Amino acid sequence: MKYETSQKEQKIKILEKNKQLSDAKNQRNFWLITGLIILFILFAIIYFLAHNRQKLRNKQKEIETEQKLLRLQMNPHFIFNAIFAIQNFIYENDTEKSSLYLSNFAKLMRLILESSRKNLITFQDELKIIEYYIQFQQLRRENSFDYKINISENIDTENTLVPPMLVQPFIENAIEHGFEDNIENALLKINFNLKNNYIFVSIEDNGKGIKKANKKSKHQSLATEITEERLSIILKTKNKENNIKIIDLQMIDKTKKGTIISFKIPFIEEF
Amino acid sequence: MIKAVVIDDEQKTHNIVGEIIEKEFQDIKIVASAKNVTKGIQIIQKHLPDIVFLDVQMPDGTGFDLLKKINYHNFKLIFITAHEENALQAIKFSAIDFILKPINIIDFTNSVIEAIKEIKQDNEHIKIKTFLNNIENSSEKSRKIVLKTTENIYIVNIKDIIRCESENNYTIFFLNDNRKILISKTLKEYSELLERYNFIRIHRSHLINLNYIERFEKKDSGLVYMKDKSKVPVSFRKKSLLLDSFEKFLNP
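So the sequences go chain by chain: A and B. Residue numbering for the first sequence follows my numbering, beginning at 1 and increasing consecutively. Residue numbering for the second sequence follows my numbering, beginning at 1 and increasing consecutively.
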């Protein structure tokens, strides 16, 4: 009987001990879980803050690039060249030409100012700027060059959105530097090709080639640099040097002359 | 002979307009010119011109003040302006013509050719009246827009437009009195004008007035039921924009 009681007591003791143990275990588990939760919340907060900061930093970078872009568009070289050309027409007493030239210049400026406020514009509007710009340059250079714009048929220009003024700096380079010394049958070709959800852009001229032209100009590299920066934001790539391919045609084929610039932009539809 | 007057405080405008008119339009005669609002009112009342070239900013007031102060509005009005964005907005709403400075000879010539055609239609005073209404009433409720077809000119309260639909290069207006008006301008132009009045382009071919949404069906890319029982599809890329705008519209 006594044995039984002591056995029972022992059992109770064991049970109690077990309970204590499991209580301790529970308590441990509780603290472990609480700790984990706290840790998790902490991580979440840190991640959130870091993410936000990164977002802010990206935003700031975007703004900075935009400002640079604005400065690039307002390339003083281009503006003063235009004004100088008007002065030239005035000296030649060509009222009509100076007037036409001037109002075209104003139209182009309006388009550029309007579009540079936006992140994306319709491809149609971008093409308008490009054509105005080229025609304006033709007028200035008295049609010393021709141009061709090819757009692949699968691009619906009204419904496609592109970052404004990405192509213009390269067109400017081709005309100002590639065609610097009046070249015969000078031809500027601009291609837009839609493939795998990217628009592949190329600007090709048959001018003197970038290796020769590059020695003189600083604007050229600035344009490339800023466009590289813009493209790395748009394409979300880290290595911005790979965004633009620049090829001097003479380096590939001795019989050829000129430069090809190519890059890609994401294909974005408005509706 | 078509009688024209030029009202602008800058001598340059007088020179350029005068020269182009003289060269290109033998049947137009500039009968008088003025460099401020006061003198402008006098010459309009004296000559009753067919065409008025009018500047926006002048030293003693604006071209709008001038229009307010005269009763005679039966002329074809062409604004000449450099940049004033707000002014341009009001001008576009009334379908009044405008030329930007510096004057482009091609644009100018086209405007004047159009003006000569329209002189005979005798409806310019309607546009000017609408224009004056719009700049005087700042309240959005009374804003009006001029819709011009080849035969008619409609003045429509913006709040009465339920939606617009594009058809090639035309836009169809659906009004709350069941009228449909077909205008030969693109939907893009109207969506740029109307976006500030609770209109939103939810689809490539549809611009809707948020005031007339009855129900929004969220499934798939979405379908909007308008109060006139029409159903308008939502482009899948515009769904979140519509939801955001609707939210803002309900809780401004």
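Hint data in this document are derived by calculation from the structure and do not stem from the laboratory. Misleading hints may appear alongside valid ones.
Pair by pair, the computed Cβ-Cβ distance ranges are [said to hold, decoys possible]:
{"hint": "1", "chain 1": "A", "residue 1": "Asn-58", "chain 2": "B", "residue 2": "Thr-38", "range": "20 to 30 Å"}
{"hint": "2", "chain 1": "A", "residue 1": "Asp-253", "chain 2": "B", "residue 2": "Gln-57", "range": "28 to 38 Å"}
{"hint": "3", "chain 1": "B", "residue 1": "Lys-3", "chain 2": "A", "residue 2": "Thr-95", "range": "23 to 33 Å"}
Here are the simulated lysine-lysine pairs, DSS-like style, with alpha carbons at most 27 Å apart [what the hints assert, rightly or not]:
{"hint": "4", "chain 1": "B", "residue 1": "Lys-248", "chain 2": "A", "residue 2": "Lys-55"}
{"hint": "5", "chain 1": "B", "residue 1": "Lys-68", "chain 2": "A", "residue 2": "Lys-97"}
{"hint": "6", "chain 1": "B", "residue 1": "Lys-185", "chain 2": "A", "residue 2": "Lys-236"}
{"hint": "7", "chain 1": "A", "residue 1": "Lys-97", "chain 2": "B", "residue 2": "Lys-12"}
{"hint": "8", "chain 1": "B", "residue 1": "Lys-120", "chain 2": "A", "residue 2": "Lys-59"}
{"hint": "9", "chain 1": "B", "residue 1": "Lys-101", "chain 2": "A", "residue 2": "Lys-107"}
{"hint": "10", "chain 1": "B", "residue 1": "Lys-120", "chain 2": "A", "residue 2": "Lys-128"}
{"hint": "11", "chain 1": "A", "residue 1": "Lys-118", "chain 2": "B", "residue 2": "Lys-185"}
{"hint": "12", "chain 1": "B", "residue 1": "Lys-68", "chain 2": "A", "residue 2": "Lys-107"}
{"hint": "13", "chain 1": "B", "residue 1": "Lys-68", "chain 2": "A", "residue 2": "Lys-128"}
{"hint": "14", "chain 1": "A", "residue 1": "Lys-128", "chain 2": "B", "residue 2": "Lys-129"}
{"hint": "15", "chain 1": "A", "residue 1": "Lys-97", "chain 2": "B", "residue 2": "Lys-101"}
{"hint": "16", "chain 1": "A", "residue 1": "Lys-118", "chain 2": "B", "residue 2": "Lys-101"}
{"hint": "17", "chain 1": "A", "residue 1": "Lys-59", "chain 2": "B", "residue 2": "Lys-117"}
{"hint": "18", "chain 1": "B", "residue 1": "Lys-23", "chain 2": "A", "residue 2": "Lys-97"}
{"hint": "19", "chain 1": "A", "residue 1": "Lys-128", "chain 2": "B", "residue 2": "Lys-188"}
{"hint": "20", "chain 1": "A", "residue 1": "Lys-118", "chain 2": "B", "residue 2": "Lys-23"}
{"hint": "21", "chain 1": "A", "residue 1": "Lys-118", "chain 2": "B", "residue 2": "Lys-69"}
{"hint": "22", "chain 1": "A", "residue 1": "Lys-107", "chain 2": "B", "residue 2": "Lys-120"}
{"hint": "23", "chain 1": "A", "residue 1": "Lys-107", "chain 2": "B", "residue 2": "Lys-239"}
{"hint": "24", "chain 1": "A", "residue 1": "Lys-118", "chain 2": "B", "residue 2": "Lys-188"}
{"hint": "25", "chain 1": "B", "residue 1": "Lys-188", "chain 2": "B", "residue 2": "Lys-3"}
{"hint": "26", "chain 1": "A", "residue 1": "Lys-118", "chain 2": "B", "residue 2": "Lys-248"}
{"hint": "27", "chain 1": "A", "residue 1": "Lys-118", "chain 2": "A", "residue 2": "Lys-59"}
{"hint": "28", "chain 1": "B", "residue 1": "Lys-68", "chain 2": "B", "residue 2": "Lys-92"}
{"hint": "29", "chain 1": "A", "residue 1": "Lys-107", "chain 2": "B", "residue 2": "Lys-188"}
{"hint": "30", "chain 1": "B", "residue 1": "Lys-23", "chain 2": "B", "residue 2": "Lys-35"}
{"hint": "31", "chain 1": "B", "residue 1": "Lys-117", "chain 2": "B", "residue 2": "Lys-129"}
{"hint": "32", "chain 1": "A", "residue 1": "Lys-55", "chain 2": "B", "residue 2": "Lys-239"}
{"hint": "33", "chain 1": "B", "residue 1": "Lys-248", "chain 2": "A", "residue 2": "Lys-107"}
Here the structure is a predicted model, which means the values were calculated and not measured. Ideal placement from N, C-alpha and C gives every residue a C-beta, glycine not left out.
The hints, checked one at a time:
no., hint, verdict
1, A:Asn-58 <-> B:Thr-38: 20 to 30 Å, "violated, 56 Å"
2, A:Asp-253 <-> B:Gln-57: 28 to 38 Å, "violated, 59 Å"
3, B:Lys-3 <-> A:Thr-95: 23 to 33 Å, "holds, 26 Å"
4, B:Lys-248 <-> A:Lys-55, "holds, 24 Å"
5, B:Lys-68 <-> A:Lys-97, "violated, 39 Å"
6, B:Lys-185 <-> A:Lys-236, "violated, 38 Å"
7, A:Lys-97 <-> B:Lys-12, "holds, 17 Å"
8, B:Lys-120 <-> A:Lys-59, "violated, 56 Å"
9, B:Lys-101 <-> A:Lys-107, "holds, 10 Å"
10, B:Lys-120 <-> A:Lys-128, "violated, 35 Å"
11, A:Lys-118 <-> B:Lys-185, "holds, 24 Å"
12, B:Lys-68 <-> A:Lys-107, "violated, 31 Å"
13, B:Lys-68 <-> A:Lys-128, "violated, 38 Å"
14, A:Lys-128 <-> B:Lys-129, "violated, 35 Å"
15, A:Lys-97 <-> B:Lys-101, "holds, 16 Å"
16, A:Lys-118 <-> B:Lys-101, "holds, 24 Å"
17, A:Lys-59 <-> B:Lys-117, "violated, 52 Å"
18, B:Lys-23 <-> A:Lys-97, "holds, 15 Å"
19, A:Lys-128 <-> B:Lys-188, "holds, 16 Å"
20, A:Lys-118 <-> B:Lys-23, "violated, 41 Å"
21, A:Lys-118 <-> B:Lys-69, "violated, 39 Å"
22, A:Lys-107 <-> B:Lys-120, "violated, 31 Å"
23, A:Lys-107 <-> B:Lys-239, "violated, 35 Å"
24, A:Lys-118 <-> B:Lys-188, "holds, 16 Å"
25, B:Lys-188 <-> B:Lys-3, "violated, 36 Å"
26, A:Lys-118 <-> B:Lys-248, "holds, 22 Å"
27, A:Lys-118 <-> A:Lys-59, "holds, 14 Å"
28, B:Lys-68 <-> B:Lys-92, "holds, 18 Å"
29, A:Lys-107 <-> B:Lys-188, "holds, 20 Å"
30, B:Lys-23 <-> B:Lys-35, "holds, 23 Å"
31, B:Lys-117 <-> B:Lys-129, "holds, 20 Å"
32, A:Lys-55 <-> B:Lys-239, "holds, 24 Å"
33, B:Lys-248 <-> A:Lys-107, "violated, 36 Å"
Taken one by one, the earlier hints fail for this structure at numbers 1, 2, 5, 6, 8, 10, 12, 13, 14, 17, 20, 21, 22, 23, 25, 33, listed in ascending order.
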